[in-house]
Amino acid sequence: MSDSIKLTDAKGRDASVALGGLKHIPSAVIGLPNERLTFRRFVSATQELSHEAMEKSFGENYGQHIVDGDPEIDMEQTGLFIDQTQTIYLDGDGEALFTEPEVVEILFDPQGEEKERRVPIDTLSNVDSAAPIRWTGKNILVTEAVRRFAFQRRLQLFHVNGITFDFLFEIAKTLHDNQSLMLVGAGDKGTDPLIFRANGKPYRGFLHGRVDNTRFQLFLLLSAMELKNPSLETSL
Amino acid sequence: MVKPLIIQKDNQTTLFDVSLLDRRKLYGSRKRVALDTQARVCRRASLTGDGALVLVSGSTGQGYFTETGAWVERRQMVPINDWGQVTELHPSTLGIPQKVEGPIEAIDILNLDVQSIYSLTMLDDELGLKPRLDNGVIFKCPFNYSSGVEVETAYLVANSSGYFAIVGHPVEAEWCAHDQALLPPADAAFREDDLDFDMF
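One line per chain: the protein sequences are A and B, in this order. Under the numbering used here, the first residue of the first sequence carries the number 2, and numbering increases by one thereafter. Under the numbering used here, the first residue of the second sequence carries the number 1180, and numbering increases by one thereafter.
Just so you know, not all the hints are guaranteed correct.
Stated by the list, open to error - Have a look at the derived ranges for each label pair, beta carbon to beta carbon:
no.: 1; chain 1: B; residue 1: 1180; chain 2: A; residue 2: 113; range: 19 to 27 Å
no.: 2; chain 1: A; residue 1: 189; chain 2: B; residue 2: 1210; range: 27 to 35 Å
no.: 3; chain 1: B; residue 1: 1230; chain 2: A; residue 2: 102; range: 13 to 21 Å
no.: 4; chain 1: A; residue 1: 213; chain 2: B; residue 2: 1236; range: 47 to 55 Å
no.: 5; chain 1: B; residue 1: 1253; chain 2: A; residue 2: 100; range: 37 to 45 Å
no.: 6; chain 1: A; residue 1: 49; chain 2: B; residue 2: 1223; range: 15 to 23 Å
no.: 7; chain 1: A; residue 1: 189; chain 2: B; residue 2: 1278; range: 48 to 56 Å
no.: 8; chain 1: B; residue 1: 1248; chain 2: A; residue 2: 53; range: 30 to 38 Å
As the list claims (entries may be wrong) - Covered stretches of chain A, going by a simulated chain B footprint (3 or more residues, C-beta under 8 Å):
no.: 9; region: 42–53
no.: 10; region: 96–103
no.: 11; region: 147–158
Derived by calculation from the structure, the hints in this document are not laboratory data. Computed from a predicted model, the values in this text were never measured in an experiment. Even glycine gets a Cβ: it sits at the ideal position worked out from N, Cα and C.
Work out the full structure, taking the sequences as your base and the hints as a guide.
In structure tokens form, the structure reads like this:
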């Protein structure tokens, strides 16, 4: 996704504006004083010395063999740092697959039970610098919205020139005056959820604006979940 | 068992059970799997760069190492601030009474960089919070599910479905002014990797 989006306002006008994330930066990190630490992966066991392989070599109760001679440790490989790797698939017999596998998509219900297998359906990204995010005209009061939706991402919209300053300021002021959020969406009618990358999570988008005299803040709030009690939902 | 969230004011408390709320608990989830020629589910593995090793799940470890290659255990590590000084490690707030503040403006929740959301079950309400939460009043308190370098803030809200804690760190945003060509800082740009594409 680019760092700019196209947005429409209440009058249906569109403009390209800049987009930035708002992330908390921790005031401290976990580490050791005066030491530069790096996080690394390493080999802890090899397939040749797995539980199955050990069972095959020494029988079901091979504990004493481990105590006596460390046969589960490959002295050449164990502890080696792992840098670059390639993902491969192993077939049902544990052998590397050299042909392209068939891929299926499994859908699980909220209890984690499989409910359907299907041919994967790819969803395309619908938020980019060309297709506008549309103003739907659906207002939701801030006091209601914060008790109804989980806003897991907050992005800030920035002007890129004088024209887009006026454009964004007007949107922010409208929302500020109404103390409400504006539902925005993708697609021709603005009814589709926002998808920022192919096969990505669909988000409902809400614009939230504040003004302070001649300055403004305009945010795109993203929600992929309502505030609902799972036990009530699943008992329905 | 997880300790309860205990909030306190004037020596009276309200207790909640906390349970992490995520999308899959409400809407389910999806997963893509590869099948071999006999329609058996394939396992993912990693092939090392030199092609010498096939690493399956459980055959790798990970950890922090010094520049000389010495492994540093997690329990040896401490919080270090930007100036290299050791700072305080904040313990979990669960099971320990936390001072509650409120009513809180709804708009304050929109300043949060949300880290997690919990579904709450009210166990005891000596403080008499239930009718106020049910009427839309919002409260906040310090919250750490587990120990951390900072203490997060939990906003307590209610709706017809239940009680919830929205947990995160407040982040103040820049104001945009007409004479200021304000562009997002390079490190603040929205990253696609922020999104979990396993979900739908």
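Going through the hints against the structure:
no.: 1; hint: B:1180 to A:113: 19 to 27 Å; verdict: holds, 21 Å
no.: 2; hint: A:189 to B:1210: 27 to 35 Å; verdict: holds, 31 Å
no.: 3; hint: B:1230 to A:102: 13 to 21 Å; verdict: holds, 20 Å
no.: 4; hint: A:213 to B:1236: 47 to 55 Å; verdict: holds, 53 Å
no.: 5; hint: B:1253 to A:100: 37 to 45 Å; verdict: holds, 42 Å
no.: 6; hint: A:49 to B:1223: 15 to 23 Å; verdict: holds, 19 Å
no.: 7; hint: A:189 to B:1278: 48 to 56 Å; verdict: holds, 51 Å
no.: 8; hint: B:1248 to A:53: 30 to 38 Å; verdict: holds, 31 Å
no.: 9; hint: 42–53; verdict: holds (count 8)
no.: 10; hint: 96–103; verdict: holds (count 5)
no.: 11; hint: 147–158; verdict: holds (count 10)
Checked against the numbered hints listed earlier, the structure breaks none of them; every hint is satisfied.
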